[in-house]
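In case you want the letters, here they are:
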Amino acid sequence: MHVTKEFKKKTFLKQFLLGLHVSNSISNPISIQQRKNSIKLSADLAMAFARGRTHWTHALITKLGQKEENKSTLKGILGRRYEILMARYSCPLLYQKVQRRKKSVRSYRFSYNAQKRRSSALKGSCVRVSPSVVARNLENRRTKVLKRLVPGGELLNGSALLSEALDYVISLKAQVDMMKSLWRATQVSSSSNVELVPSAPLQKKDASCTIANSEE
Amino acid sequence: MSSRRSRISEEEINELISKLQSLVPESRRRGSNRASATKLLKETCNYIKSLQREVDDLSDRLSDLMAGMDNNSAQADIIRSLLSS
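If you read the protein sequences in the order shown, they are chains A and B.
Each residue of the first sequence is one higher than the last, beginning at -4 in this note's numbering.
Each residue of the second sequence is one higher than the last, beginning at 901 in this note's numbering.
In case anyone wonders, no lab produced these hints; they're calculated from the structure.
Fair warning: this is a prediction, and the values are worked out from it, not measured in the lab.
Ideal Cβ placement from N, Cα and C applies to all residues, glycine included.
Don't take each hint at face value.
As the list claims (entries may be wrong) - Residues from chain B shown here face chain A by an in silico Cβ test under 7 angstroms; the list is partial: (1) 938; (2) 941; (3) 944; (4) 954; (5) 958; (6) 959; (7) 960; (8) 962; (9) 963; (10) 965; (11) 978; (12) 981; (13) 982; (14) 983.
Said to hold, decoys possible - Selected chain B positions facing chain A (Cβ under 8 angstroms, derived; list incomplete): (15) 966; (16) 967; (17) 973; (18) 974; (19) 976; (20) 977.
Using the sequences and the hints given, assemble the complete structure.
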């Protein structure tokens, strides 16, 4: 985590602006849904570029690039690097495996609970499942969830997965903070366009009056 | 798993616990390593999900605000946000 916050901010904003510019130039006029997608895409890409080369940033860019609606924007931003990146990190088989695994996590959870109920019903008393077994199963389940959440997490295990998750969380938090400050700045500018400042000359008059009074 | 690798992962887990504690409110900390790791995993997953939802929500709000703007005002806003923070 040697990237300083200041450096990340500037890179993020530059990339975000570039992303918006590219997607606006591609589809113009733009629907609200398209604008939202382009903002989200630009923000994710900006976060990835600001962080630099990590496993999750490559996985994120690849995942975003696989969606049909993002391809033209990505090509516009990356240029020649697009082909290289997509070739190096895309793995369509893995993506399919992930989809199948999603279902199996759900069915695993269901069957685990059903099994417990069945065994307790059969034995007619509370089945003592050893707490360490329960804890281990819980840990496995949650690790699977984390693998799904962190981009590129399916390929990682143990300490690598945890360090990637930590890095991803920090970058996500920075992305959220940047977007919040951007939103605040946009709000200020859009409201200041509407506001008039009629009270200013009045205030000046008052000030001059008080000065005159105090001088006397 | 060699002992060296498990030592590294314990260090990383401890590092993750301390870093996440500063980011996410976490109630209990004591207990066996496995129990805290499980709770940690749950807190991390929930935190990631909530951050992703926030990004989505902010994208919505920004797209509403930027609807009436052209590219130049967006640039001005971005520069202003850069200077203010």
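The hints, checked one at a time:
This hint holds: residue 938 (chain B) has a C-beta 5 angstroms from the nearest C-beta of chain A, less than the 7 angstroms allowed. The closest approach between the C-beta of residue 941 (chain B) and any C-beta of chain A is roughly 4 angstroms, which is under the 7 angstroms cut-off, so the hint is satisfied. Interface restraint check: residue 944 (chain B) against chain A, minimum CB-CB distance 6 angstroms, threshold 7 angstroms, status holds. Nearest Cβ of chain A to the Cβ of residue 954 (chain B): about 5 angstroms, under the 7 angstroms cut. The hint holds.
Given the 7 angstroms rule on beta carbons, the hint for residue 958 (chain B) holds: about 4 angstroms separates it from the nearest Cβ of chain A. Contact between residue 959 (chain B) and chain A, as hinted, is supported at the beta carbon level, the nearest pair being about 4 angstroms apart and thus within 7 angstroms. This hint holds: residue 960 (chain B) has a C-beta 6 angstroms from the nearest C-beta of chain A, less than the 7 angstroms allowed. For residue 962 (chain B), the shortest C-beta to C-beta distance to chain A is roughly 5 angstroms, which falls under 7 angstroms, so the interface hint holds.
Contact between residue 963 (chain B) and chain A, as hinted, is supported at the beta carbon level, the nearest pair being about 4 angstroms apart and thus within 7 angstroms. Annotation: residue 965 (chain B) was flagged as interfacial toward chain A, and the flag holds, the nearest CB pair being 5 angstroms apart, inside 7 angstroms. For residue 978 (chain B), the suggested interface contact is upheld, since its CB lies about 5 angstroms from the closest CB of chain A, less than 7 angstroms. For residue 981 (chain B), the interface hint holds, since its Cβ comes within 7 angstroms of a Cβ in chain A; the closest pair sits about 4 angstroms apart.
The interface hint given for residue 982 (chain B) holds, since its Cβ lies 5 angstroms from the closest Cβ of chain A, which is under the 7 angstroms cut-off. A hinted interface residue such as residue 983 (chain B) counts as satisfied when its beta carbon comes closer than 7 angstroms to some beta carbon of chain A; here the least separation is about 9 angstroms, so the hint is violated. For the restraint placing residue 966 (chain B) at the interface with chain A, the shortest Cβ-Cβ distance is roughly 7 angstroms, inside the 8 angstroms limit, so the hint holds. A distance limit of 8 angstroms between C-beta atoms decides the matter here; for residue 967 (chain B) the minimum to chain A is near 6 angstroms, and the interface restraint holds.
A distance limit of 8 angstroms between C-beta atoms decides the matter here; for residue 973 (chain B) the minimum to chain A is near 7 angstroms, and the interface restraint holds. With a cut of 8 angstroms, the hint placing residue 974 (chain B) at the interface with chain A holds, because the nearest CB-to-CB distance is about 6 angstroms. Hint on residue 976 (chain B) holds. Least Cβ distance to chain A is approximately 7 angstroms, under the 8 angstroms limit. With 8 angstroms as the threshold, the beta carbon of residue 977 (chain B) comes within range of chain A, its nearest partner Cβ sitting at about 5 angstroms, so the hint holds.
When held up to the earlier numbered hints, the structure conflicts with hint 14 and nothing else.
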